[in-house]
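From first to last, the protein sequence lines are chains P and X. Numbering of the first sequence is given in our numbering, commencing with residue 3 and proceeding in unit increments. Numbering of the second sequence is given in our numbering, commencing with residue 3 and proceeding in unit increments.
Heads up, a few of these hints could be off.
To be verified - Partial selection, computed: residues in chain P whose CB lies under 8 Å from chain X:
| # | residue |
| --- | --- |
| 1 | Leu202 |
| 2 | Pro293 |
| 3 | Glu434 |
| 4 | Glu552 |
None of these hints come from the bench; they were simulated from the model. Note that the coordinates shown come from a computational prediction; the quantities given were computed from them, not determined experimentally. For every residue, glycine included, the Cβ atom is placed at its ideal position computed from N, Cα and C.
Each chain is listed here by its residues.
2 protein chains.
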Amino acid sequence: METPNLFRLFFLSLCVGLVLLFTWVHLPYGPDLLDCTTNSAWCTSKNRFQSKQPNNHLKNDHNPTRHRNHVSDTPHHPLDPLTVEEINKIRTILSSHALFSTSAGYALHSIELEEPDKPLVLKWKKGDQLFPRKASVIARAGGESHVLTVDLTTSEVTVHHTGSHSGYPTMTIEDMTSAMWAPLMDARFNRTILERGVDLTDLACLPISTGWYGKTEENRRLIKVQCYSMKDTVNFYMRPIEGLTVLLDLDTKQVVEISDKGANIPIPKAANTDYRYSAQGTNQVIKLLKPISLEQPNGPSFTIEDDHLVKWANWEFHLKADARAGVIISRAKVRDPDTGELRDVMYKGFTSELFVPYMDPTDAWYFKTYMDAGEYGFGLQAMPLEPLNDCPRNAHYMDGVFAAADGTPYVRSNMVCVFESYAGDIGWRHTECPITGMEVREVRPKVTLVVRMAASVANYDYIVDWEFQTDGLIRIKVGLSGILMVKGTPYENVNQVFGQDSLYGTLLSENVIGVIHDHYITFRLDMDVDGSDNSFVKVNLQRQQNSPSESPRKSFLTATRTVAKTEKDAQVKLKLYDPSEFHVINPSKKTRVGNPVGYKVVPGGTAASLLDLDDPPQKRGAFTNNQIWVTQYNRSEQWAGGLFVYQSQGEDTLAVWSNRDREIENKDIVVWYTLGFHHIPCQEDFPIMPTVSSSFDLKPVNFFESNPILRTPPNVETDLPVCMAAATT
Amino acid sequence: METPNLFRLFFLSLCVGLVLLFTWVHLPYGPDLLDCTTNSAWCTSKNRFQSKQPNNHLKNDHNPTRHRNHVSDTPHHPLDPLTVEEINKIRTILSSHALFSTSAGYALHSIELEEPDKPLVLKWKKGDQLFPRKASVIARAGGESHVLTVDLTTSEVTVHHTGSHSGYPTMTIEDMTSAMWAPLMDARFNRTILERGVDLTDLACLPISTGWYGKTEENRRLIKVQCYSMKDTVNFYMRPIEGLTVLLDLDTKQVVEISDKGANIPIPKAANTDYRYSAQGTNQVIKLLKPISLEQPNGPSFTIEDDHLVKWANWEFHLKADARAGVIISRAKVRDPDTGELRDVMYKGFTSELFVPYMDPTDAWYFKTYMDAGEYGFGLQAMPLEPLNDCPRNAHYMDGVFAAADGTPYVRSNMVCVFESYAGDIGWRHTECPITGMEVREVRPKVTLVVRMAASVANYDYIVDWEFQTDGLIRIKVGLSGILMVKGTPYENVNQVFGQDSLYGTLLSENVIGVIHDHYITFRLDMDVDGSDNSFVKVNLQRQQNSPSESPRKSFLTATRTVAKTEKDAQVKLKLYDPSEFHVINPSKKTRVGNPVGYKVVPGGTAASLLDLDDPPQKRGAFTNNQIWVTQYNRSEQWAGGLFVYQSQGEDTLAVWSNRDREIENKDIVVWYTLGFHHIPCQEDFPIMPTVSSSFDLKPVNFFESNPILRTPPNVETDLPVCMAAATT
C-alpha cells in the first residue's frame with residue numbers, strides 16, 4: 003500500500019514547511035501572490051492534488067474560469083471584492099504604518115472591502131464612477147487586535163476603537179496550521195503519543211477553538227489540539243487518540259497544559275474508514291446507475307457581468323466570495339412581469355455565524371462548541387468545488403481572492419458555483435378533472451438557479467445553496483455531509499454498555515462513538531422589499547369558536563396581523579400549535595387591491611437550541627435563542643456572534659443588539675433566521691455521511707399582483723436536445 | 003374569441019350526454035370497455051384534448067405505454083391490480099347476483115383487488131403460482147351500501163356485514179357529473195342564475211361533499227352544488243356565483259334546498275384569469291429560459307418487470323394505481339451493500355386520506371371540509387400526466403385500470419410516472435481543508451427515483467411524489483398547485499374592508515377572496531423493517547444540567563429511548579422544544595455493534611389542525627389530531643377516515659382505532675404520518691398557484707452497518723452525453 007508512505011513524506015515536508023512558514027509569516031511582507039506549488043496551506047488543495055495525482059474525473063472542459071490568477075482584475079461595482087492589486091497595495095500601505103513597522107510581528111486576520119454606505123450603493127448605477135475604494139482590515143500586533151480602514155485612493159489608514167468587548171479575530175490559516183504541529187515541540191506530548199502506540203509520522207492533529215468558560219480563557223489567545231492516527235487511512239477522524247487534549251497559547255505556540263484521560267481507550271481500527279474511490283477495491287465498487295446529466299443544448303440562461311453581477315430569468319444580484327461568510331448575495335432584485343421593472347428584494351444576505359455544540363460534558367469534549375464563521379472563517383474553509391459532482395456540467399465557477407496573514411493575496415479557485423437546476427419538478431399545473439370534464443391540462447416545469455459553496459471545516463462539510471426561483475422565491479438550503487467528529491471508547495458492542503446515556507451518542511463501529519450535537523446556521527438577511535423602509539408583521543392563525551346559532555361549525559381559524567413595533571416584538575420562537583406567517587412588508591406600497599407588498603420568511607430546519615441560557619456556549623451562541631429576529635439596520639451588526647467571536651463572552655451578539663429594543667416599524671430592517679439541526683449520529687454516518695439538508699424560504703406574499711410565472715411557456719419536444727453517449731462519438 | 007362558443011357547444015353536448023348517461027348508468031351492464039370518444043366523463047381528458055385540439059407540446063415519443071387498452075393484461079404478482087378481463091368477469095358475476103338482478107338500479111362504487119393475506123404475499127416468490135384472485139367490491143343497491151368479495155376462480159360472491167357505521171362509499175364519477183347538472187332541472191335555480199346575470203350556457207357547477215353536521219346529513223346521501231360562470235375563461239373557479247348553494251339528494255338527484263345569500267355579490271371579472279398558454283397573447287408570453295433537460299444517453303437505470311415491479315439501483319418495489327389512494331407502493335426492499343441481500347423496509351405505503359377544512363363559518367362555506375380520497379377518490383381524480391412538463395423526458399408512464407359505476411372497466415392512461423431525477427445535488431462529499439492540507443476531495447452526485455401522480459380534485463392539484471434514494475431514504479412529498487377555491491365579495495380594495503377578519507382570507511383581485519384553509523394528507527405506512535414484527539421507539543432529546551464540579555458546561559442534551567408499548571404511547575404531537583426522533587426498529591435484529599436495525603420517520607410539513615376536537619369536521623378528520631400514530635396491523639384499517647367517509651360521523655377513524663390502545667411492541671405495526679399545510683392565500687396564488695411542497699422522510703437509522711453508498715463512483719466526463727439542440731439536427 004502506498005498510502006502510508008505518501009503521508010509520511012507529506013508529514014515530513016509539512017514539518018519543513020512549518021519552519022519556512024514561521025519565518026515567512028513574520029516577514030513584513032512576502033511575495034506579491036502566493037504560489038501554490040511552494041506554499042500550500044492556504045492554496046487550493048486541488049492544484050496540488052492534480053500535480054501529484056492525475057485523476058481523470060477532475061478534468062472539466064466546461065469551466066473557462068479555472069486557474070485565473072486575477073492579477074489584472076479591476077472592480078466594476080461598488081460591492082466588488084478587493085482585487086489582487088488592491089490587496090497588494092493595502093499590504094504595502096500597512097507595512098509602513100506605525101502600528102506594524104514598529105511591531106516585532108503582526109498578522110492580518112482579515113482584509114475585506116469596506117462596502118460604501120448603503121444609500122450610496124442604492125443610488126449607484128452601472129456607468130457611474132465607483133466610490134473611493136476602502137478596505138476594512140482586522141490585524142493583531144503587539145498582542146492587541148486592531149480594526150483599521152485603509153483608503154486605497156489616499157493611502158490613509160484610520161485606526162478604530164474596538165471597544166471593550168472580549169474575544170479575538172477569526173484565526174488565520176497560519177494560526178491553525180502552526181497550532182497543529184506545535185505540540186510536537188513538547189517532549190511530554192511526544193512521549194504520550196508513543197505510549198499510545200502511534201508513530202509520530204502517523205500523527206494528524208486538529209486545532210479546536212476553546213470557547214470561553216471562565217478565567218482560563220480570558221486575556222490570552224488559546225487553542226486546544228487533539229490528535230488522530232492517519233495510519234492506513236486518510237480518514238484519520240475515525241481514529242482519535244481519545245482523551246488527549248493539548249492547550250496551546252495561540253500567540254506564542256507554547257504548550258500551556260496537557261490533559262490525558264484516555265490512556266485506556268484504544269485507537270479504533272482503520273478498516274473500512276477510507277472513503278476515497280481510489281481506495282475501494284475494484285471488486286467492491288458498486289455502480290448502481292447509468293449516466294444522467296442536466297443538459298442545456300443552447301447553453302445556460304444566465305450571464306455574469308463583470309465577474310459578479312448574475313442575471314438569470316427574472317433575477318439579478320451581485321455575488322461574491324467572502325473569507326468569513328463564504329458567499330455574499332447583494333442587491334437581489336426581481337423583475338415585475340407587469341411593469342418590466344426590477345424591484346428590490348434583498349440588499350444583502352449571507353451566512354452570519356454557525357454554532358455547533360457537542361453534547362458531551364467530559365474533559366476532552368465539553369468545549370467543542372464551534373462557531374465556524376467567526377472562529378475558522380467559513381469562506382476560508384470553502385475549498386474548490388469538484389466539477390460534475392459538486393455542481394452539474396454547465397456550472398460557472400467563481401474564485402475567491404483572499405489574503406494570507408502577511409497580506410499576500412491568493413486565489414481560492416472554483417470556490418463558488420452557479421448553475422441552473424431542473425429536477426423534473428413542476429412550477430405550476432392544473433388539469434380539469436372528470437368532474438368538470440373540460441379539456442384543460444396546463445403544466446409548467448420548474449427550473450431554478452443555484453449558487454453553491456461547500457465549506458469543509460475540518461471534518462464537517464457544509465453545502466450552502468442560494469436557490470432562486472422564477473416565481474420570486476429564494477430558498478436558502480444547508481446540506482451537512484463530510485465526517486463526524488467521533489469519540490474513542492473501549493466498547494465494541496452496545497451490549498457492553500450499562501446505561502446508554504453514558505455514551506453521549508451512538509456506537510457507530512467498534513470503539514467509535516458518534517457524539518450527539520446540534521448545528522445552527524444563522525443567516526443575516528437585509529431585506530429591502532421595494533425599498534429600504536419595511537415592517538415586520540406576524541400573521542397569527544388562531545382558533546375562533548362559533549356558537550350553534552352562528553354556524554354548524556364549532557371552530558375556524560382567523561389570521562391576525564400584528565406589526566412589530568420594536569425589536570423585542572420580533573423575537574420569534576416557532577410554535578407548531580400557535581402558528582404564524584412572518585411577513586416583511588413595505589407599508590408604503592400596496593398592490594392594486596390594497597395589500598401591502600411583502601416577502602415572507604417560511605421556516606424550515608426548525609430545531610431550536612435547548613441548552614441552558616446561562617451555559618457559557620449558549621451565552622456566546624445567544625443568536626440561536628430565537629429562530630427569527632428582526633433588528634434595525636446597523637452597519638456594524640453583521641456577525642451574529644459578534645465581530646470578535648473567538649473566546650468571546652457573548653457581549654456582542656445579536657441577542658444583545660436585539661434587547662436594545664430599537665424601533666423597527668417602517669424602518670430599514672434586517673431579518674435573521676437560524677436553520678437548526680439536531681444530530682444523533684447513526685451507523686449510516688460512518689465513515690462519511692450521506693448529505694442531510696434543510697432549508698427555509700423567502701417567498702413573495704402579495705409582492706406581485708398575480709402569479710408572476712403565469713405567462714411562461716411549457717416545455718416542448720423540439721426545444722430539447724438530441725444526445726448521444728460520449729463513448730460512441 | 004372562440005372560447006365561449008366552444009364552451010357552449012361543450013355544455014350542450016354534455017347536457018345531451020347527461021341524458022344518455024342516466025339511462026346507461028342504470029343499465030345492468032354496458033359495453034366491455036368504455037370508449038373515450040363517446041363517453042367522456044371518466045376517460046382521460048387527454049384523448050379528447052388531442053382529438054379536438056392538436057397541440058404540439060403534447061407529443062411525446064418517449065412513452066411506449068400510451069394508449070394501451072390493457073385488454074390482454076394478465077396478473078403476474080399477487081398484488082397486481084385487477085385487469086380489464088377480470089373486471090369484466092366481476093361485472094358479469096355481479097349482474098346475475100341476487101342483490102343486483104332484483105334491484106331497480108345499482109352502482110358499483112369501488113372494484114379493487116382484494117389483496118391476499120399478508121403472510122401469503124410475504125412468502126410468495128416469482129415463479130410461484132398466484133393465489134386465487136379476488137375482488138373487493140363496494141356497491142349501492144336498494145338504498146344500501148354493500149361490501150362484497152368476488153372470487154374470480156369460483157365466481158362466488160360473499161356479502162360482508164358492513165357494521166353500523168355512518169357514512170357512504172366514495173362517490174362514483176357518475177354521482178359527481180350528474181350532481182353538477184341536476185340543479186338545472188329546478189326552475190327556481192335557473193331563475194336565480196339568470197337574475198345573477200349568468201347565461202345558463204355559461205354555467206359550470208361543482209359537486210361539493212356536504213360533510214356531517216347533524217340530523218340534516220343523516221340517513222340520506224346528500225351533496226351541495228355551487229356554480230360559477232365560465233364566460234370568457236376556462237378558469238371558472240375565479241368567477242363564483244357567490245352564496246348560492248343547492249342541496250341535492252345524491253340518490254334521487256332531487257333538489258332538497260336552495261340557499262341564496264349572495265344576491266348582492268358581483269361575479270368577479272374574467273380578465274386575467276385564463277392560465278392556458280394558448281390564451282396568452284403572443285406579446286404577453288414571457289420566455290425566461292433556454293431549454294434544459296435531464297438526459298440519459300444510455301437510457302434510464304430502472305426496469306419495470308411485468309408492468310408493476312420497479313427495480314432501480316438498490317431498490318425494488320411493487321407499484322400500482324388505485325382509484326382511492328392514487329398510488330400504492332408495496333413490498334419496498336433495499337439491497338444491503340455488504341450482503342447483497344434484498345431487505346424488507348415497507349410492506350405497503352399510500353395516501354390514506356386527505357382533510358381540507360376551509361376557515362369560513364358562513365352559510366356557503368362552513369361545510370367545505372373535503373376528504374378527497376374517501377369522498378372523491380384520489381386516484382379517480384388523477385388525470386393523465388403531461389409528458390415533458392409533469393415528468394421529465396425519460397419518464398415511464400403507468401396506466402390505471404378502473405371501473406365505472408356499472409362495472410365497465412376503463413383505462414386512465416399515463417396516470418403515474420416513474421423517472422430518475424438529478425438536480426445537481428450532492429450525495430456525500432468531503433474535502434480536506436487548509437487546516438489539514440491533505441489532498442482529498444471526494445464527492446458523489448445524488449440521483450433519485452421518483453414515482454409521481456397528480457390528482458386534480460376539481461380546483462386543487464395535488465402532486466404526490468415517492469422519491470427513493472440510493473442511501474436508503476424514502477422521501478414522500480406533496481406539492482400543492484392548481485386553483486384556489488375563492489369567494490366572491492363586493493370589495494374591490496382592502497381599504498373598503500372594516501376589520502380584515504371578516505374576509506376570512508385575502509383579497510386577491512377585485513371581488514375575489516382567497517379563503518384561509520388547511521391541507522392534511524395522511525399516509526399509511528405499513529413498515530416491515532427486516533420483517534413484520536417491529537417496535538416504535540421515541541428517542542427524546544432532553545437537557546441535562548451539570549454542576550460546576552462536574553464540567554465547565556452547565557448543560558448538554560442526552561437521547562433517551564422509550565419503546566411504545568401500546569397505541570396510545572405512540573400518539574405523537576410534535577414539539578420543537580421537546581424534540582424526538584421516531585424510530586421503527588426490529589428488536590430482534592441488531593447490527594454488528596449491537597444497535598437495533600431501524601428506519602426513522604423524519605417529520606416535515608408539520609402544520610397541525612387547530613380546530614376544536616368536538617367540531618364535526620375535526621371529529622371526522624380526527625386522524626389529524628396527531629402528526630404520528632402507530633397502530634397494530636389490522637387488515638381492515640386502511641383508510642384513516644374510515645371505509646365510508648362520505649357523510650361519516652367519525653366513528654371509524656384512525657383516532658378511534660388507536661384509542662383501543664392495542665399492544666404494538668414487537669408486533670406487526672403500521673405508522674401513520676400526516677403532512678400538514680396552513681394556507682393563507684396571497685395574490686401570487688391568483689389565478690393559478692405556483693407549487694408549494696412539503697415532505698417527510700423514512701430514513702435508515704442503524705439499518706445498514708455503514709454508509710450504503712460509500713463505494714459508488716463519482717461522475718466522470720466520459721460518461722456524460724454529447725448533445726445538440728434538436729433544431730439543428
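How the hints compare with the structure:
1. Interface restraint check for Leu202 of chain P: the shortest CB-CB distance to chain X comes to about 16 Å, outside 8 Å, so the restraint is violated.
2. With a least beta-carbon distance of about 4 Å to chain X, the hint placing Pro293 of chain P at the interface is held under the 8 Å criterion.
3. Checking Glu434 of chain P against chain X: minimum C-beta separation of about 6 Å stays under 8 Å; hint holds.
4. At its closest, the beta carbon of Glu552 of chain P sits 6 Å from a beta carbon of chain X; the interface hint therefore holds under the 8 Å criterion.
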